[in-house]
Amino acid sequence: MQSFNQIVSATEPEQDYNFGYLDEQTKRMIRRAILKGVALPGYQVAFGGREMPMPYGWGTGGIMLSASILGQDDVFKVIDQGADDTTNAVSIRQFFAKVCHLETTTETAKASVIQTRHRIPEQPLRNDQILVFQVPIPEPLRFIEPRETETKKMHSLGEYGSMQVKLYEDIVKYGYIATSYAYPVMVHGRYLMDPSPIPKFDNPKMHQSNALMLFGAGREKRIYCIPPYTDVASLDFEDHPFSIQQWQAPCSLCGSETSFLDEVLIDDQGQRMFVCSDTDYCQGQLAKNAAEEALHG
Amino acid sequence: MSIIAPGFSQPVEHSQSCFRQVLKALSEPGHIVTLDKHLGFAPLCASATQILMSLCDQHTPLYLSPRLEEIDGDATINQAQRNLTFHCNTKPSALVNADFAVVSHSEGVNMAKLKCGTDTSPESGTTLLVQSNGFDRGPEFKLTGPGIEHSRTVQLGNLSQSLVEYLINPCHTYPLGIDILLCHQQQLLAISRTTKVELIPCM
Ligand SMILES: [Zn+2]
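Protein chains in written order, with the working numbering: chain A, 68 to 364; chain B, 19 to 221.
Excised from the complex, chain A in its bound form:
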């Protein structure tokens, strides 16, 4: 299978690609699905159409969404697990710089559209920003009920007891809810939604967010959305309220006590440290610290 990198390098800017790579017919279909998704927060809108001209597993769902919404005036940022500099993030950014002739950035504050895999930026988003999530498996009930016809029925009836049971089994087994990624949420009090494999640490950022959030699953061809200022509640129990991950120590690089930390190996002896997963945020904090030090000596 061709890698996404090979596709990017084969995509010559002088070639006459349609703006955004997708044909207009496909974009229109995706755009209509996005609008219906916005009117039905958390509901998975299926869309048909032809196969994407790229392999799955490189964030096809996110790329389809980005290709359908981006314009020349946009400033585009891509993060992969919080980092702008992974092969995947760099490839997707270069790809859109080529096929949309737009400006790219690694700075959260400068971006108008941010495509992400597995994180929501630490810096609060603004109302004029759109966050696009890459989704591997859109159906939160898939592991409970593999049949699509049944999960559709469960969504139509709002029958989500089985998900509560699954979480409660965690409590019985471990004494706490062990699910820490792709933690299910209720959107606008109606639809159960998989927020994609972000850490549950990021779940509260979706509630009454300033920014519009779009989720795309390429393989299953599903789109779902959360408009700004929408209620998003993580499932929990009265005696086991929802809680987010916490760390004993701040980020080893910037000292942040409020960001999501990744454990990284720093030498062959197995010594570890904890650093911000959001690299742009960490660099921003470092710069802020340096500026303050310069000011106060």
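Don't take each hint at face value.
[As the list claims (entries may be wrong)] 30 Å max Cα-Cα, derived BS3-like pairs, lysine-lysine:
1) A/K220 / B/K214
2) A/K219 / B/K214
3) A/K267 / A/K240
4) B/K133 / B/K109
5) B/K214 / B/K131
6) B/K160 / A/K220
7) A/K355 / A/K177
8) A/K220 / B/K133
9) A/K219 / A/K233
10) A/K220 / A/K165
11) A/K219 / B/K133
12) A/K165 / A/K267
13) B/K131 / B/K160
14) B/K109 / B/K131
15) A/K219 / B/K160
If you are wondering where the hints come from, they were derived from the structure by calculation, not from laboratory data.
Fit chain B with the ligand to the supplied structure of chain A, relying on the hints for placement.
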């Protein structure tokens, strides 16, 4: 006499920019956006025309109400329809089958007859474009719901009793429903099926 008028001068860019405006409007109900890439195929107004040109094609049955002709005496609905068919391949449809429908603000619409989606596919409801006579007239409404921080007060123009009735007390129960795009000249203001609409009593 049938003369085909030009569509978007830059179809790819203009479709994209119009879509983004529609996306902004529907994700933030009550917020007014401007669509300024085309003058419109009369009697359709500029914003309604641009919405249809950026979103419609052979897969989206389209209904244009003959009552729109009252807005612009010289232009016929057939002319607008021919232009849209030429530029977007749209097929005319009866109101009950339409994915997109355009009606006049003053006409009575039997909302219960429009497609409102099904329990397992609520997204198949009609997107209803209502050509308003201005967002600076008509009764005041208070909007709350997704896309609205706290609440928003709007005027929607002089809408018919059936349209006002539907906004305040829809005959469909969420998630079923109809998404409404109010269009006036270059302006667009959306009311999503999630939006709670209350009539503000006159003082
Ligand atoms: Zn840090």
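Quick rundown of the hints versus the structure:
| no. | hint | verdict |
| --- | --- | --- |
| 1 | A/K220 / B/K214 | holds (26 Å) |
| 2 | A/K219 / B/K214 | holds (26 Å) |
| 3 | A/K267 / A/K240 | holds (20 Å) |
| 4 | B/K133 / B/K109 | holds (17 Å) |
| 5 | B/K214 / B/K131 | holds (21 Å) |
| 6 | B/K160 / A/K220 | violated (34 Å) |
| 7 | A/K355 / A/K177 | holds (17 Å) |
| 8 | A/K220 / B/K133 | holds (20 Å) |
| 9 | A/K219 / A/K233 | holds (19 Å) |
| 10 | A/K220 / A/K165 | violated (42 Å) |
| 11 | A/K219 / B/K133 | holds (20 Å) |
| 12 | A/K165 / A/K267 | violated (34 Å) |
| 13 | B/K131 / B/K160 | holds (26 Å) |
| 14 | B/K109 / B/K131 | holds (20 Å) |
| 15 | A/K219 / B/K160 | violated (34 Å) |
Consistency with the previously given hints fails for numbers 6, 10, 12 and 15, ordered from lowest to highest.
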